[in-house]
Amino acid sequence: MSGYDPKEIEAKWQRLWAEEKTWEVANPGQPGFDGGKPKSYVLEMLPYPSGEPHVGHLKCYAVGDAIAHFHRRHGFEVIHPMGYDAFGLPAENNAIKTGEPPREATERSIASFRKQFREWGISIDWSRELGTHTPEYYRWTQWIFLRLFEKGLAYRDEAPVQWCPKDATVLANEQVVDGRCERCGTPVEQRRLEQWFFKITDYAERLLADFDLLESWPEHVVTMQRNWIGRSEGAEVTFRCAELDLDFPVFTTRPDTLFGASFFVLAPEHPELERLIAGTPAEREVREYVNQVARESVEDRGDEERPKTGVPLGRSVVNPVNGERIPMFVADYVLMEYGTGAIMAVPAHDARDYEFARAFDLPVKRVIEGVDPDVARDDEGLPYPGDGPMTGSGEFDGKHNREAYGEIVAWLAGDGRGEAAVNYRLRDWLVSRQRYWGAPIPVVYCDACGDAGAPAIVPVPDDQLPVELPEIEDYAPQGRSPLAAAEDWVATECPRCGAAARRETDTMDTFVDSSWYFIRYLDAHNEAAPWDRDTADHWLPVDQYIGGVEHAILHLMYARFFTKALADLDLLSVEEPFANLFTQGMITRDGAKMSKSKGNTVSPAEYVERYGADTARTYVCFMGPPERGGDWSDEGVEGVNRFLSRLWRLCEEVEPLPAGDLDQAAGGSARELLAKAHWAIDKVSRDFERGFQFNTAVAATMELVNEAYRVKDDLYTDPAGVAAVRFAAATAASLIFPFAPHLGAEVWERLRGGRVWEDRWPVADPELLSSDTVTLVVQVNGKLRDRIEAAADAPEAELLALARESEKVRRHLDGKQVVKEVVVPGKLVNLVVR
RNA sequence: GCCGGAGUGGCGGAAUGGCAUACGCAAUUGAUUCAAAAUCAAUCGCCCCUAGCGGGCAUGUGGGUUCGACUCCCACCUCCGGCACCA
1 MSGYDPKEIE AKWQRLWAEE KTWEVANPGQ PGFDGGKPKS YVLEMLPYPS GEPHVGHLKC
61 YAVGDAIAHF HRRHGFEVIH PMGYDAFGLP AENNAIKTGE PPREATERSI ASFRKQFREW
121 GISIDWSREL GTHTPEYYRW TQWIFLRLFE KGLAYRDEAP VQWCPKDATV LANEQVVDGR
181 CERCGTPVEQ RRLEQWFFKI TDYAERLLAD FDLLESWPEH VVTMQRNWIG RSEGAEVTFR
241 CAELDLDFPV FTTRPDTLFG ASFFVLAPEH PELERLIAGT PAEREVREYV NQVARESVED
301 RGDEERPKTG VPLGRSVVNP VNGERIPMFV ADYVLMEYGT GAIMAVPAHD ARDYEFARAF
361 DLPVKRVIEG VDPDVARDDE GLPYPGDGPM TGSGEFDGKH NREAYGEIVA WLAGDGRGEA
421 AVNYRLRDWL VSRQRYWGAP IPVVYCDACG DAGAPAIVPV PDDQLPVELP EIEDYAPQGR
481 SPLAAAEDWV ATECPRCGAA ARRETDTMDT FVDSSWYFIR YLDAHNEAAP WDRDTADHWL
541 PVDQYIGGVE HAILHLMYAR FFTKALADLD LLSVEEPFAN LFTQGMITRD GAKMSKSKGN
601 TVSPAEYVER YGADTARTYV CFMGPPERGG DWSDEGVEGV NRFLSRLWRL CEEVEPLPAG
661 DLDQAAGGSA RELLAKAHWA IDKVSRDFER GFQFNTAVAA TMELVNEAYR VKDDLYTDPA
721 GVAAVRFAAA TAASLIFPFA PHLGAEVWER LRGGRVWEDR WPVADPELLS SDTVTLVVQV
781 NGKLRDRIEA AADAPEAELL ALARESEKVR RHLDGKQVVK EVVVPGKLVN LVVR
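Note that the numbering used here has the first sequence beginning at 1, numbered continuously upward.
Hints are supplied without guarantee of correctness; some may be wrong.
Stated by the list, open to error - Using 27 Å as the maximum straight-line C-alpha spacing, the simulated DSS-like pairs for lysine-lysine come out as follows:
{"hint": "1", "residue 1": "Lys21", "residue 2": "Lys37"}
{"hint": "2", "residue 1": "Lys115", "residue 2": "Lys151"}
{"hint": "3", "residue 1": "Lys783", "residue 2": "Lys39"}
{"hint": "4", "residue 1": "Lys37", "residue 2": "Lys683"}
{"hint": "5", "residue 1": "Lys115", "residue 2": "Lys683"}
{"hint": "6", "residue 1": "Lys808", "residue 2": "Lys683"}
{"hint": "7", "residue 1": "Lys151", "residue 2": "Lys97"}
{"hint": "8", "residue 1": "Lys308", "residue 2": "Lys399"}
{"hint": "9", "residue 1": "Lys7", "residue 2": "Lys37"}
{"hint": "10", "residue 1": "Lys820", "residue 2": "Lys808"}
{"hint": "11", "residue 1": "Lys816", "residue 2": "Lys115"}
{"hint": "12", "residue 1": "Lys712", "residue 2": "Lys783"}
{"hint": "13", "residue 1": "Lys166", "residue 2": "Lys21"}
{"hint": "14", "residue 1": "Lys827", "residue 2": "Lys816"}
{"hint": "15", "residue 1": "Lys7", "residue 2": "Lys21"}
{"hint": "16", "residue 1": "Lys97", "residue 2": "Lys166"}
Please keep in mind that the hints were generated in silico from the structure rather than gathered at the bench.
All chains should be built: construct the whole structure from the sequences, respecting the hints.
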């Protein structure tokens with residue numbers, strides 16, 4: 001015997017799959033397209049190629065590949081592509097440090113990923129491979145940008161952004177760690193700059209409503225997105241500053257507390273602040289305060305524990321419900337980015353307003369009766385955020401606030417003082433980056449086309465795409481995009497008037513690239529369009545999407561937004577990109593997240609080298625439920641390797657033996673082994689269907705192999721018995737194939753001949769799933785007292801009689817009276833005694 | 001604070017309201033071997049005793065529903081994840 005040699009087996013099958021292009025599928029209309037099969041689009045989130053693949057990649061692709069194989073063997077035409085999310089910061093930061101062009105480091109990493117995916121035996125359709133950093137791809141990213149621009153869904157606006165004063169650069173949000181610059185540790189400041197946005201807020205309502213269109217998404221992911229979108233119902237009410245003839249709309253979820261508004265607060269970034277204070281005694285103090293707030297880190301400002309600060313403006317507004325003049329303040333607890341950047345403060349019924357009122361000695365006026373002891377801070381039981389009868393609210397007094405809510409809104413709306421409103425926490429997606437390694441934004445600025453000093457934004461015509469990323473020398477940002485230094489590239493002609501114009505030097509957020517890659521796979525080499533409509537309609541939506549839960553909000557929501565926008569542009573027929581989502585949990589080591597600095601990383605390549613890809617893949621599926629995390633254990637890997645070796649040895653042992661007719665293997669341990677095999681088929685199938693419970697699926701296959709070991713020596717004496725062992729081993733190979741495809745294919749070929757992936761997924765024989773006798777559990781007062789073999793179809797009376805006959809049971813019935821008998825046929829008898 | 005998820009042997013984890021601890025790891029023992037590794041076989045929750053085909057206790061804590069609860073309900077504790085001055 002030669003022993004289990006994964007290197008040899010794995011190389012053999014990988015070669016065959018590559019040569020025969022086993023996993024490639026054709027599009028409708030292409031030769032080889034199989035229109036007779038239903039389609040299944042199985043997709044794992046594409047990797048970000050930086051360095052080498054890590055163990056999280058292994059788990060993601062092992063899980064996804066198992067699903068792809070399972071679908072194929074259920075008769076689906078499975079499309080299972082792969083690509084690389086190749087633009088992004090790490091490659092660029094590496095370039096700044098080492099001078100190596102981002103493209104080179106990225107290509108090197110991609111080569112490593114590609115090689116390892118092949119060595120893992122993942123069943124990828126390589127004909128559809130793509131990299132988001134190639135002009136062939138980002139040309140279409142730019143094309144989509146232009147379509148969004150035409151629709152008004154991409155726009156340019158001034159916005160506060162994160163700025164590092166030491167590096168003199170704008171930072172991406174991901175580069176701000178605890179309010180400091182990721183690279184130099186300097187506290188980050190906010191600045192207002194012109195930026196590009198996508199109008200995702202237009203889709204807030206549909207992004208919420210269309211959760212109903214999804215088949216199966218983890219509940220917590222839906223909840224996280226729901227919270228992120230943060231829909232609130234309330235009213236927009238206008239407060240007027242008569243002295244300056246200025247209207248200040250506010251959003252409130254509590255219009256029922258309007259009569260209790262005793263002051264009014266603007267965010268420090270509020271655009272009207274300057275007009276309110278110009279030339280007033282408050283001017284200087286307000287300016288100082290605003291500047292001080294601007295220097296605060298975002299984290300400090302968000303600290304709820306901090307005492308409330310602010311400055312009076314010396315101005316007032318009129319409360320539209322009662323005509324009261326209430327003083328205006330500026331305070332940092334009001335955020336410009338939520339609502340209108342201004343609030344009416346109702347200290348009696350809002351904890352934050354209450355604290356501010358205390359700090360500034362402002363009146364607190366109760367308008368709802370009630371006390372919440374958990375929140376109340378004073379003798380009167382204020383603040384009180386709950387519900388109750390109204391008071392001090394004019395004609396609404398005595399009514400319950402919930403009841404009066406709608407009436408107040410209607411009353412305000414009647415004469416234009418306010419209206420019902422919905423507000424979202426979601427903000428528009430800021431997509432421009434002052435960065436080199438991304439897709440250039442395809443517009444130019446033309447002074448000649450513009451007017452009054454403001455240049456016109458002129459989109460680059462489709463036939464001039466892609467706007468290629470130029471080669472540059474210095475990648476370090478200098479407060480503007482590094483692309484600005486490529487002067488020859490920046491200087492261009494206006495496509496509209498031909499005059500001298502300048503290119504946009506910002507690039508797009510990499511989340512833009514990954515918001516549509518799953519469509520490009522479907523028609524990856526189309527040079528005339530991002531995709532062919534019919535082809536995309538055939539394959540979409542993705543039937544099963546697999547990835548890390550860390551993308552629960554951003555990537556998944558952006559891709560949903562893109563899909564809806566593209567559907568509105570009449571480029572797609574689906575409203576939702578991912579019908580089913582599976583989020584895999586994170587693998588830790590020694591209970592901690594893996595990181596290079598902790599030195600607790602696991603290199604998949606090392607384990608594949610030592611134990612083979614089948615062992616590594618099966619182990620990550622076996623270590624626990626895949627949606628949960630798990631701690632990596634070298635001993636656990638060895639355990640899985642032992643199991644695969646046992647299957648291999650079983651195969652080698654039984655292969656040369658002359659086997660008889662399986663139908664003759666009717667009695668004794670042969671039948672028991674066959675029954676175990678069918679039990680395993682049933683169990684693994686159900687574990688797949690019930691949310692990919694791969695740990696128990698692998699365990700069931702282990703049980704089958706263990707059972708075969710227990711009985712094999714007895715069965716070898718008889719050809720029918722040998723046939724039963726062969727069947728058990730081949731079934732184990734078939735069931736383990738989605739996890740350990742090389743070994744599964746090899747054992748199957750040796751014992752059954754042919755290719756296991758072309759064989760339909762086995763179906764358990766109901767005849768062998770049931771047996772003539774069952775183990776009857778006998779309880780007395782719910783406690784197990786005996787187990788008795790009984791005929792499976794025995795009537796209740798017989799089971800009761802059997803139970804009462806048992807010596808062990810009688811001992812517990814002694815001197816007692818049976819007051820109740822519970823019989824579950826085929827399972828259990830419970831005798832209740834007193 | 002709000003919203004999710006989870007608490008089961010020495011460890012990772014199994015259990016449509018019906019045999020708690022499948023499967024794996026670790027540990028112990030035996031076979032094989034000159035020996036070891038590998039392999040094969042077996043034992044393996046805790047406690048008690050009269051040592052058996054024995055009894056009791058165990059699924060975070062306390063209640064409840066039920067003939068019967070890891071599973072369902074109520075209250076609480078702990079841990080993990082997300083959001084967080086969102087008006």
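Given the hint that lysine 816 pairs with lysine 115, test it: the Cα-Cα distance must not exceed 27 Å.
Violated, at roughly 73 Å.
Given pair status - lysine 21, lysine 166, alpha carbons within 27 Å:
Not satisfied, since the Cα-Cα distance of roughly 53 Å exceeds 27 Å.
For the pair we were handed, lysine 808 and lysine 683, check the Cα-Cα distance against 27 Å.
34 Å, violated
Does lysine 808 sit within 27 Å of lysine 820, going by the straight-line distance between their CA atoms?
Within the cut-off at roughly 18 Å; holds.
When you check the alpha-carbon spacing of lysine 7 and lysine 37, does it fall within 27 Å?
This hinted pair is violated, its Cα atoms lying about 34 Å apart.
Measure nothing beyond the straight line between the CA atoms of lysine 7 and lysine 21; if it is 27 Å or shorter, mark the hint as holding.
21 Å, holds
Between the alpha carbons of lysine 151 and lysine 97, is the straight-line distance 27 Å or under?
40 Å, violated
Agreement of lysine 308 and lysine 399 with the hint, judged by alpha carbon distance not exceeding 27 Å
At roughly 33 Å apart (the allowed maximum being 27 Å), lysine 399 and lysine 308 break the hint.
Could you grab the alpha-carbon distance between lysine 115 and lysine 151 and see if it respects the 27 Å cut-off?
Given pair lysine 115, lysine 151 is violated - Cα atoms ~42 Å apart, limit 27 Å.
Could you grab the alpha-carbon distance between lysine 37 and lysine 683 and see if it respects the 27 Å cut-off?
Cα-Cα ~26 Å, so holds.
Does lysine 816 sit within 27 Å of lysine 827, going by the straight-line distance between their CA atoms?
The given pair, whose Cα atoms are some 24 Å apart, holds under the 27 Å limit.
Has the given pair, lysine 115 with lysine 683, been kept, meaning a C-alpha gap of at most 27 Å?
It is violated: about 34 Å lies between the C-alpha atoms, which goes past 27 Å.
Checked against the numbered hints above, the structure violates hints 2, 3, 5, 6, 7, 8, 9, 11, 12 and 13; every other hint is satisfied.
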